[in-house]
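Taken in order, these protein sequences are the chains called S and E. Per this note's numbering, the very first residue in the first sequence carries number 1; after that it's consecutive. Per this note's numbering, the very first residue in the second sequence carries number 1001; after that it's consecutive.
Incorrect hints may appear among the rest.
[Unchecked claim] Simulated coverage check for chain E against chain S, where a stretch passes if three residues somewhere in it have a Cβ under 8 angstroms from a Cβ of chain S:
| hint | stretch |
| --- | --- |
| 1 | 1335-1341 |
| 2 | 1409-1421 |
| 3 | 1424-1430 |
Everything labelled a hint here was simulated from the structure, so no lab data went into it. Built from N, CA and C at the ideal position, the CB exists for glycine as well.
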Amino acid sequence: MIRSMIMENRLLSIKNLYVKVGDKEILKGLNLDINKGEVHVIMGPNGAGKSTLANILMGNPKYEITEGEIEFQGQIINDMKVDERAKLGMFLSFQYPEEIPGITLENFLRSAKMAIEDKPIKVIEFKKTLKEKMKLLEMKEEYAQRYLNEGFSGGEKKKSEILQLLILNPKLAILDETDSGLDVDAVKIVAKGVREHKSEENSIIIITHHNNLLEYLNPDHVHFLVDGRIIKSGDESLIDIVEKEGFEAIKN
Amino acid sequence: MVFMDTNRKTYVEDIERGIYDIKNEFRYSYKVKKGLTEEIVREISEKKNEPKWMTEFRLKSLDIYNKLGLPVWGPNIDDLDIENIVTYVKPNTDMKYSWEDVPEDIKETFTRLGIPEAEHKSLAGVGAQYDSEVVYHNLKDYLSMKGVIYTDMETAVREYEDIIKNHFMTVVPPSDHKFAALHGAVWSGGSFVYIPEGIQVDIPLQSYFRLNAPGAGQFEHTLIIVEKGAFLHFIEGCSAPKYSVNNLHAGCVELIVKEGARLRYSTIENWSKNMYNLNTKRALVEKDGTIEWVSGSFGSKVSMLYPMSILKGEGARAEFTGITFAGNGQYLDTGAKVVHAAPYTTSNINTKSISKDGGVAVYRGALVITENAHHCKSTVSCESLMLDNRSRSDTVPVMDIRNDEVDIGHEAKIGRISDEAIFYLMSRGISEEEARAMIVRGFVEPIAKELPLEYAVEMNNLIKLELEGTIG
Chain S
1 MIRSMIMENR
11 LLSIKNLYVK
21 VGDKEILKGL
31 NLDINKGEVH
41 VIMGPNGAGK
51 STLANILMGN
61 PKYEITEGEI
71 EFQGQIINDM
81 KVDERAKLGM
91 FLSFQYPEEI
101 PGITLENFLR
111 SAKMAIEDKP
121 IKVIEFKKTL
131 KEKMKLLEMK
141 EEYAQRYLNE
151 GFSGGEKKKS
161 EILQLLILNP
171 KLAILDETDS
181 GLDVDAVKIV
191 AKGVREHKSE
201 ENSIIIITHH
211 NNLLEYLNPD
221 HVHFLVDGRI
231 IKSGDESLID
241 IVEKEGFEAI
251 KN
Chain E
1001 MVFMDTNRKT
1011 YVEDIERGIY
1021 DIKNEFRYSY
1031 KVKKGLTEEI
1041 VREISEKKNE
1051 PKWMTEFRLK
1061 SLDIYNKLGL
1071 PVWGPNIDDL
1081 DIENIVTYVK
1091 PNTDMKYSWE
1101 DVPEDIKETF
1111 TRLGIPEAEH
1121 KSLAGVGAQY
1131 DSEVVYHNLK
1141 DYLSMKGVIY
1151 TDMETAVREY
1161 EDIIKNHFMT
1171 VVPPSDHKFA
1181 ALHGAVWSGG
1191 SFVYIPEGIQ
1201 VDIPLQSYFR
1211 LNAPGAGQFE
1221 HTLIIVEKGA
1231 FLHFIEGCSA
1241 PKYSVNNLHA
1251 GCVELIVKEG
1261 ARLRYSTIEN
1271 WSKNMYNLNT
1281 KRALVEKDGT
1291 IEWVSGSFGS
1301 KVSMLYPMSI
1311 LKGEGARAEF
1321 TGITFAGNGQ
1331 YLDTGAKVVH
1341 AAPYTTSNIN
1351 TKSISKDGGV
1361 AVYRGALVIT
1371 ENAHHCKSTV
1381 SCESLMLDNR
1391 SRSDTVPVMD
1401 IRNDEVDIGH
1411 EAKIGRISDE
1421 AIFYLMSRGI
1431 SEEEARAMIV
1441 RGFVEPIAKE
1451 LPLEYAVEMN
1461 NLIKLELEGT
1471 IG
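This is chain S alone, in the form it adopts within the complex:
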């Protein structure tokens, strides 16, 4: 009875995951469970495997699972294609979003929305929603007609990622270093966008190595990823310990 309630609430379950890139093993037996509506933070030093985790969750073909399982809504998705994962409700906010010339942000998002929902969408309604979300993120309207991320500044690219998040409304959002390279004002705006997305149904994984974004979002769980494994999990208070004493303090 209790177990089935837990299962119903479980969105993502990573079991004993080993992942390599080329010949290099990066994740070495990672375990992580995420329930609906939770915000998880993953911190850790450079090279610990944070971005690898983000990429393997989304299915980047450059990364290879050698052992273990990723379960999303009770289904093992180890071999699932990237677009199929997106359709199930997964989303990755890229650390370095790609620039795609020749397709406008608006047209792209409409195609993506249609692909994910697998039905036509009403143009006028879509335009209205897009305008609202852009306003929330303090993006100039003209960006909708610009080519996807082309010539966007670092901050604009990250806002574009969050805009995509809000339009596509995934169940699981993985934010890979979304706060890096942003000034204070931009961090606030991005945080506002992420808060807008947060709900009882939606879960968020925030990957970061500083707490810029975290000041504005209250994570439910904090995990420390070191050398391909989660070595410690806890609540928000863990962040303060790291802030004051560094990663070494937690290792022990």
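Based on these hints, arrange chain E on the given structure of chain S.
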């Protein structure tokens, strides 16, 4: 379901080109024997009832053809044997001024290609050539009242003999290269356009060239004169169904843009993959005149096509926008040439190419700036996208700059679709196939914008067809 193997193995050797590949039964009222002899050239001229000077022009061209060698650069064309080409095929009809009068099978062909509909909706005049002769020509009355002339070349030789005699193959002389000489000897069909001084033709004229006969050549001649201060947008479309024997297209386009005039010349060549497309196009631009080329090369087995702009008068301008798409078995050697022969002249060349399935797309261009042509400005930008490792792309820009007071920019980029970009798009729910198509469409978008609408749609469809089922 989601584990279903979506790895559909549908690699296609040659795409289904739909309406372009529908062949008509080979009907004709007259054709010459295969090959190229003085007898054949005389026969063509006689059939056309030409004035003596034209017969002599043809024979002189034949003489030049026999003396000139094949180009020693570019794609291999050894496979093209003129002894196997029928240079003149007269369709089963004379030229008509109403579609109703055009024989049913020919009319059907042009209807499938959307010509009568486009004429009705968005064109000021249409010429339609089937094999060696023009079968339909029409111009809206209000334009002929203003003195605009738009007719087939045969009629022009008869009715505007002086103009033709003074201009025919003066911009592209038969001595230019072997296929220009061939054209001079066996040319047939094509359009003559004359826009009087100051006349602005508000909607485009379009000529469409369809080659239906297997093993034949098409050698249409287009001569356009845009007088002082006038404007014209001319659209040229070409296609042919696929045959197992080689076909040859060696057309010639001569454009004369007078002082302060502007001519926009848009082309989509969508030949079948058994076609040698060795076409010559050239514009002569006088003071403050503008030539704008928009050129799409999709079909053919081999293309050698380098539209040239000679900026003869001060302040003359040339714009060239080109897109080339080379698929399996295709070698498309295309580009643009500009000669800045006067001061304060400007040129702007912007080309993109795509190659896939072992196709070869080469940009070959030339920029010449003469000693006296000071204060010239030229920018050249070529971008190539290769869709797989078997395809090839090259850039061969030649520059001959003979004075220092010039401003020249040149940029060439050759790239592939990055895995990261595909991953990014797929992470938003877009399939791999669609992600690729999206990137390719995005790549050509700046060019597509310049094409007439129907052709932009056609290009998008073609990209879709070419990319379908190639993943895996």
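Hint-by-hint comparison with the structure:
With 0 residues carrying a beta carbon less than 8 angstroms from a beta carbon of chain S, the stretch 1335-1341 of chain E misses the three-residue requirement, and the given coverage is violated. Beta-carbon proximity to chain S at under 8 angstroms applies to 4 residues in the stretch 1409-1421 of chain E; the threshold of 3 is reached and the given coverage holds. Taking a C-beta to C-beta cut-off of 8 angstroms, the stretch 1424-1430 of chain E contributes 7 residues in contact with chain S, enough for the three needed, and the coverage statement holds.
Hint check: a violation occurs at hint 1 only; the rest are consistent with the structure.
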